[in-house]
Amino acid sequence: MVFRRRRRSGEAVGAANQSAPDSEVGPKRPHEPETEPDPESEGAYEPETGLEGDPAPTSETEPERARIRDRLSNARGAFSGFVASVVSRGIDDAVWEELEEALILADAGVGTTTALLDRLKEEAKAERITDPEDLVAMLKAQMTQSLHVPGLELSTEGNPAVWLFVGVNGVGKTTTIGKLAAREAQSGRKAVLAAGDTFRAAAAEQLGQWAERSGAELVRGAEGADPSSVIFDAIEHASAAGAPLVMADTAGRLHTRTNLMEELAKIHRVAGKGPGTVAEVLLVIDASTGQNGLAQARRFTESAELTGVVLTKLDGSAKGGIVMAVQDELGIPVKLVGLGEGIGDLAAFDAHEFVEALFSSPVSSRRMTPSHRERIA
Amino acid sequence: MFDSLSNRFEGIFKRMRGLGTLRESDVDEVLAEIRLALLDADVNLHVVRGFQDRVRQRCVGAEVHKALNPVQQVIKFVHEELIATLGGETLDVSHPAKPPTVVLLAGLQGAGKTTNAAKLAAWFKQQGRNPMLVGADLQRPAAVEQLRTLGASIEVPVFSEPADPIAVARKGVAEAAAAGRDVVICDTAGRLAIDEEMMDHLGRISAAIEPHYTFLVVDAMTGQDAVATAEAFHAALELDGVILTKVDGDARGGAALSVKEVVGRPIAFSSTGEKIDEFELFHPDRVASRILGMGDVLTLVEKAEQVYEEAEATEAAAKLLEGEFTLEDFLEQMRQLKKMGSLQNLMGMLPGVPPELRKAEITDDRIDQVEAIICSMTPQERAAPRVIDGSRRQRIAAGSGTRPSEVTQLLRQFSEVQRMMKRMGGKGSGPARKKPRKGRKGSRVTPPGGRRNKPGKPALTLPGLDDGQFDLSSLR
Numbered sequence: 001m002v003f004r005r006r007r008r009s010g011e012a013v014g015a016a017n018q019s020a021p022d023s024e025v026g027p028k029r030p031h032e033p034e035t036e037p038d039p040e041s042e043g044a045y046e047p048e049t050g051l052e053g054d055p056a057p058t059s060e061t062e063p064e065r066a067r068i069r070d071r072l073s074n075a076r077g078a079f080s081g082f083v084a085s086v087v088s089r090g091i092d093d094a095v096w097e098e099l100e101e102a103l104i105l106a107d108a109g110v111g112t113t114t115a116l117l118d119r120l121k122e123e124a125k126a127e128r129i130t131d132p133e134d135l136v137a138m139l140k141a142q143m144t145q146s147l148h149v150p151g152l153e154l155s156t157e158g159n160p161a162v163w164l165f166v167g168v169n170g171v172g173k174t175t176t177i178g179k180l181a182a183r184e185a186q187s188g189r190k191a192v193l194a195a196g197d198t199f200r201a202a203a204a205e206q207l208g209q210w211a212e213r214s215g216a217e218l219v220r221g222a223e224g225a226d227p228s229s230v231i232f233d234a235i236e237h238a239s240a241a242g243a244p245l246v247m248a249d250t251a252g253r254l255h256t257r258t259n260l261m262e263e264l265a266k267i268h269r270v271a272g273k274g275p276g277t278v279a280e281v282l283l284v285i286d287a288s289t290g291q292n293g294l295a296q297a298r299r300f301t302e303s304a305e306l307t308g309v310v311l312t313k314l315d316g317s318a319k320g321g322i323v324m325a326v327q328d329e330l331g332i333p334v335k336l337v338g339l340g341e342g343i344g345d346l347a348a349f350d351a352h353e354f355v356e357a358l359f360s361s362p363v364s365s366r367r368m369t370p371s372h373r374e375r376i377a
Numbered sequence: 378m379f380d381s382l383s384n385r386f387e388g389i390f391k392r393m394r395g396l397g398t399l400r401e402s403d404v405d406e407v408l409a410e411i412r413l414a415l416l417d418a419d420v421n422l423h424v425v426r427g428f429q430d431r432v433r434q435r436c437v438g439a440e441v442h443k444a445l446n447p448v449q450q451v452i453k454f455v456h457e458e459l460i461a462t463l464g465g466e467t468l469d470v471s472h473p474a475k476p477p478t479v480v481l482l483a484g485l486q487g488a489g490k491t492t493n494a495a496k497l498a499a500w501f502k503q504q505g506r507n508p509m510l511v512g513a514d515l516q517r518p519a520a521v522e523q524l525r526t527l528g529a530s531i532e533v534p535v536f537s538e539p540a541d542p543i544a545v546a547r548k549g550v551a552e553a554a555a556a557g558r559d560v561v562i563c564d565t566a567g568r569l570a571i572d573e574e575m576m577d578h579l580g581r582i583s584a585a586i587e588p589h590y591t592f593l594v595v596d597a598m599t600g601q602d603a604v605a606t607a608e609a610f611h612a613a614l615e616l617d618g619v620i621l622t623k624v625d626g627d628a629r630g631g632a633a634l635s636v637k638e639v640v641g642r643p644i645a646f647s648s649t650g651e652k653i654d655e656f657e658l659f660h661p662d663r664v665a666s667r668i669l670g671m672g673d674v675l676t677l678v679e680k681a682e683q684v685y686e687e688a689e690a691t692e693a694a695a696k697l698l699e700g701e702f703t704l705e706d707f708l709e710q711m712r713q714l715k716k717m718g719s720l721q722n723l724m725g726m727l728p729g730v731p732p733e734l735r736k737a738e739i740t741d742d743r744i745d746q747v748e749a750i751i752c753s754m755t756p757q758e759r760a761a762p763r764v765i766d767g768s769r770r771q772r773i774a775a776g777s778g779t780r781p782s783e784v785t786q787l788l789r790q791f792s793e794v795q796r797m798m799k800r801m802g803g804k805g806s807g808p809a810r811k812k813p814r815k816g817r818k819g820s821r822v823t824p825p826g827g828r829r830n831k832p833g834k835p836a837l838t839l840p841g842l843d844d845g846q847f848d849l850s851s852l853r
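From first to last, the protein sequence lines stand for chains A and B.
For the first sequence, the positions run 1 to 377 when this note's numbering is used.
For the second sequence, the positions run 378 to 853 when this note's numbering is used.
Chain B on its own, in the form it takes in the complex (with noise of 0.2 Å):
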């Protein structure tokens, strides 16, 4: 499913290569993809809106980062924002001194408060504490039977009869307190936010118990109403936060996004699967990436970022520039890559890498290997190759466990390579080049390797790698 989105952005991808500094325009265009991902996420049209100006507002005029293209760079600070909106303070449950803690489930028909009720429970159950459960559902059939069915599962105490759900509510705390539990959850009927008696209603079962904490049940799988319905629910009840349910499903949850924006209280739970421990504290980052709908590039980015020191970014992109590409420096490559993580997981990561080399099995072993053979070699030897001859090449593939032929190989691939980096250096090619590059590390250039790529399919970029033109297939 996040395949769509990293296709979009891997046109934009190849035409801003090369580009050194953020424009207001690239900006844009990178932000009216985000925005159709955050609509397709569900996130509300308004909070989008909201969201683009404070993401345009950070990117431009931001400094260009060393180790990022500016596509990246914006895919960077949307994830940075979707986190810092997500979660920003996170809900912490303190008890009153005197107990019981009361708490109030509300939300639309259907959303999950019944199940959600007693994982609740079972949870303050972790947490050492004794709930107990107020069935104060009385309108939906057997929905008094749901919950005692699943109190009984988890061993805690249900209390409901069939009277006024305020009385209940109010009962069930009394009872609570007399039966020495420390928590009470209050499970309600579900209602819709415009039906303003009901919303009345609840107000006033609010008002008798008073609770501690008020939740919002929300379904994972709202589309754009999420925003009407938490306001009239926090315009009624005054919400603590917010229990997402159904993230198990392949929904985006944009309507987390939306709910928080209009709440401003924290996502405090998330329900993950139908079972009742199935249920744990929200993970902002982890809906962050979900929404955007491309987790893996992000990733991608981030790792990135970590391994590649900008001073060895500019050094490396110098000599890259001038041609002298030594082993020395393909070996640093080689060295990047490996901090990266696996390269088939790193492969299967990258937007518009060709199936072939996909499936091509790039092997740590061989990194390791072209490890021990440059390694084995002398200073002299790595910085000229030309001089290994037979023997040379016999202590080489000695010292390195290798034998002569591997050599051979490595040295007729790494002379490919090299070849390719000084065309690189020597002329700029691709639509896309804008201005003469100096020395800068972030150099986005296609280079004839690229073309072996389906034409319209970018080519292979490993930040790590600065474009990484290494054909790794070749590598085999």
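Same shape as in the complex, but just chain A (with noise of 0.2 Å):
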């Protein structure tokens, strides 16, 4: 309580908070790139509608998954602990706690958790579920089939198609477009990418250095420039270059933070005046972040009506299972997971193996010392 108080003084010259723009610092780019429209190549890239929705698994998506298996199970190891616990006894109260404990410890939440639950007890029953392997099998199909929905491939409707990045800060917003930007330049997608970031320090240089890495284009303005005219330019730019993709860069803000958010609600609104389409609003929750995810993605989409989510940092020990919560309560779904800081490590989500990675062992209870461990439990 206090210290929302206390926060709504600042909140009027929030955006006073700006340091001088440093004209020295990092490599600057020429507000318009110069690079020739090429009519010829525009009708190239059509073919390409999406990224993962390619039905047939091609030569190329195989080692990914693996890739992605390996990533996981690293983190977790193999998810042995707990279900090896379960699968020696008959269903007890035992079994149902540490169901709601591995669900808990995995940022589901006790909502999401006691309905997943009471759901699970009643289907359990109706079906005469008596081995924990099963139960557990159940739960696991339950929540992936919830998580799994149609159409999690990235929308390219629009010339250029605009995918606009939000949240809240440090979820890692511009490194999931740096590596985005790789990726649909290997598939031969000519993205711009605009510095949307005009508060944070550094943050146009730092997706610039992406920029680099992948061959995108990079359209800024000056620091503490206003946003929405950062990236309409860069979606006019776009569309005069004959580029079909805009991927937009936001500074990160915390959602209790209402002139933020209504600076957001503008460059969405202003983002759509363009001549693209925006076509993809990405929330990017870190899959680190608790309940506080639910909030976050509630008050985000009343200002830029979301179309999808972006897990990242699943590559460490969060499970990231508040997402659950958001696709129940908002319906809107997880379309891509972040697993590294390296270029190519951004996967499509997998449900099936999201749920197999929250019911690997708890790794803090694995993580514990035993004094630890006496000592809390």
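Just so you know, these hints were derived from the structure itself, not from any lab.
Be aware that a few hints might be false.
Computed cross-link-like contacts, SDA-like style, restricted to lysine to any residue with a CA-CA straight-line distance of at most 25 Å [to be verified]:
#1 A:121 with B:410
#2 B:453 with B:660
#3 B:502 with B:470
#4 A:266 with B:627
#5 A:121 with B:502
#6 A:266 with B:759
#7 A:121 with B:641
#8 B:652 with A:260
#9 B:652 with A:229
#10 B:652 with A:224
#11 B:453 with A:110
#12 B:453 with B:641
#13 B:652 with A:222
#14 B:652 with A:225
#15 B:652 with A:110
#16 A:121 with B:409
Take the two lone chains, each set in its own frame, and fit them into one complex as the hints suggest.
Now the structure itself:
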């Protein structure tokens, strides 16, 4: 309470915190990129309509899958601990408790956990399930089903298609754009990156370095410039240059800052007025985020209608269970997952993998030293 | 956002009203709700369990407080325990005889290390120190540029070069010593706690610069994983404290409790906004109330305690039960109310106050008026208001600066309250009543006045008013 009240007074001047633009820092790119529009290439982009939408797994996606599983299992060890302890006996209260514990430790939240387990209890009773292993399988299936929605590939509708990346501070918006730009470049789609984070020091430089790595173009304004206009310029430029895609970075903002959320609504509005179409508004959520993630999603979708979630830093020990609540309550699906800082560490969301990883042995308890376990047991 | 917990407690409040001792089952019931609140606040499940046990031990068999009902008392224990856990030793920054004081910042990606390195530098500067920043995050693109820009804005020099982070850190400290800087703050790359290679590397940076203070930067929005992270960093670095960031959002910040419990080191600073100077020493009490999610109810519990003197309580209860509720008592109640602060605020703090009552303008002026009227009466009139006739009324009105009609109005209200009190003392009501009450202050019975409230809502309970069953709205 105290915190919230104290913050109010500072809100109006939130943007005044701007440090002076440092013109000597980082590679400066021309505001208007020089690339000529290439009328021929424009058509060439069209057959590619989705990222992961290709129903037949190509030779390219196979190794990627393996890599994700690899990374997840690196992070968690085999999912032995939890299930192994459950399967050795019948379904008793302890089993339910362990399931509850696993879900809560994964940040699913008490509400989602209770709802899931209540439903599971009913179904297990109806289907006369007596084997804990079947019970776990049933739960996983239910969770996978609710997370797996059709149309998880990013929309490329519009010319250019505009993808807007939003979220609180430090979740990995800029990094996600960098990785996605590289991926688009690989599939032959030219992207323009809009440095819409004009607030954080050196955010445009950070995006600029990603642009260099992936060969994308960067459109930036001065530090402290109006983010809406920077993004609008980028869209106009992409349209003129015949680039089919604009990825717009925005400054991290806490969803409780009314003025910043209004700024975001304006960005969203203005982006829609350009020649392109705002095809995706993606909320970037850090996997280590707890129950606040739901509040974030709620407020962000109020300001700029979200089309999906990017769950980042899933290569750590955090499991990102809060996205289940986001999907349940707001119907906003996870579309992408971030798995590291490397340029290739981005993958399409796979509900099955996610759920399996969530039930791997809880890292937090595994890591606990015996003395500590004793202390808090 | 605090509504849900307050509402859940109301239900328990209602059922437990009238119970004299803290029974284990009551404690468990309240603790179950506390557990939910703590989990909603992202306190780690294992930490929650330990915490619950500690509170239970304190509660069971504890003597019942005269001014608090059992639920309030459990809340009080929980709050005290939270503060004790979060606070404990505070960080006292001392500086070595031979400068510079070396500070190392570490944490996950995106926790806010770079921003808070600059904030910490500004804080040291404010303390009269000459800090220098070292940018050893050579991994994230443009992290050093960010630090340089921030450094420039607070006029603190920044050292960095494109080399190995360990070498940069070492050189940075040497550079600071040479430049006569007495504090060096070293920013490092964000890393995952499970990335052994990176954690090992961090350990080597630490070994190279031998920091006097090592802080873990933790995002207040972190969920259950805070424990695993803190453990791993503590194992690698031996932390001295924690910097809690982004507390200006609406996250409850349970991570603070989890980390404190695991690391056993104080939460030294909290970052309360995006501006450089929005950075302060940590206040455990604020976060404790926030984690519990019912700061206002807690404030009320404390106020009730302060104001209510036990002797008064016993006496008032005795009279009340005998139906001898006099204008003197009425006046005393009013004064108690006033001591608790503005009535309007008080109403806002109470769970279960019906909206009509919340909106009703209960001004402190009105209480002053009541006070003046009663004070203008003779002791005889106060004890037996029946004797007040036309001429006495005139005198009282003149003495208190009111009109005779206002005196009449007060007397009418008082007699209603008195009648209500008699009924209350005469027969208990409500299913919560388990045993006869004997002159105990904490009698919690729903009086007829309480039925004005919507069904399912507990009656307005003002601890200072002993269940406060005056209809405050009728005082207008």
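Going through the hints against the structure:
About 22 Å separates the Cα atoms of residue 121 of chain A and residue 410 of chain B, which keeps this hinted pair within 25 Å; it holds. This hinted pair checks out: residue 453 of chain B and residue 660 of chain B have alpha carbons roughly 18 Å apart, not beyond 25 Å. At most 25 Å may separate the alpha-carbon atoms for a hinted pair to count; residue 502 of chain B and residue 470 of chain B meet this at roughly 13 Å. Our distance criterion of 25 Å between C-alpha atoms is met by residue 266 of chain A and residue 627 of chain B, whose separation comes to about 23 Å.
In summary, the hint linking residue 121 of chain A to residue 502 of chain B is not supported, as the alpha carbons are separated by about 59 Å, beyond the 25 Å threshold. Between residue 266 of chain A and residue 759 of chain B the CA atoms are separated by roughly 66 Å; this puts the pair beyond 25 Å, and the hint is violated. Between residue 121 of chain A and residue 641 of chain B the CA atoms are separated by roughly 39 Å; this puts the pair beyond 25 Å, and the hint is violated. With a C-alpha separation of about 14 Å, the suggested pair residue 652 of chain B and residue 260 of chain A falls inside the 25 Å cut-off, and the hint holds.
Our distance criterion of 25 Å between C-alpha atoms is met by residue 652 of chain B and residue 229 of chain A, whose separation comes to about 24 Å. Proposed proximity of residue 652 of chain B and residue 224 of chain A is supported: the alpha carbons are some 14 Å apart, at most 25 Å. Between residue 453 of chain B and residue 110 of chain A, the direct Cα distance comes to roughly 24 Å. Compliance with the 25 Å bound is thereby established for this hinted pair. A threshold of 25 Å between alpha carbons decides the hint, and for residue 453 of chain B with residue 641 of chain B the separation of about 23 Å falls inside it, so the pair holds.
Of the pairs offered as hints, the one joining residue 652 of chain B and residue 222 of chain A holds, with about 19 Å between alpha carbons and a cut-off of 25 Å not exceeded. Taking the CA atoms of residue 652 of chain B and residue 225 of chain A, the gap is near 18 Å; set against the 25 Å cutoff, the hint holds. A hinted pair counts as satisfied when its Cα atoms are at most 25 Å apart, and residue 652 of chain B with residue 110 of chain A does not qualify at roughly 34 Å. Taking the CA atoms of residue 121 of chain A and residue 409 of chain B, the gap is near 21 Å; set against the 25 Å cutoff, the hint holds.
In summary, the structure is inconsistent with hints 5, 6, 7, 15 from the numbered list given earlier, while agreeing with the others.
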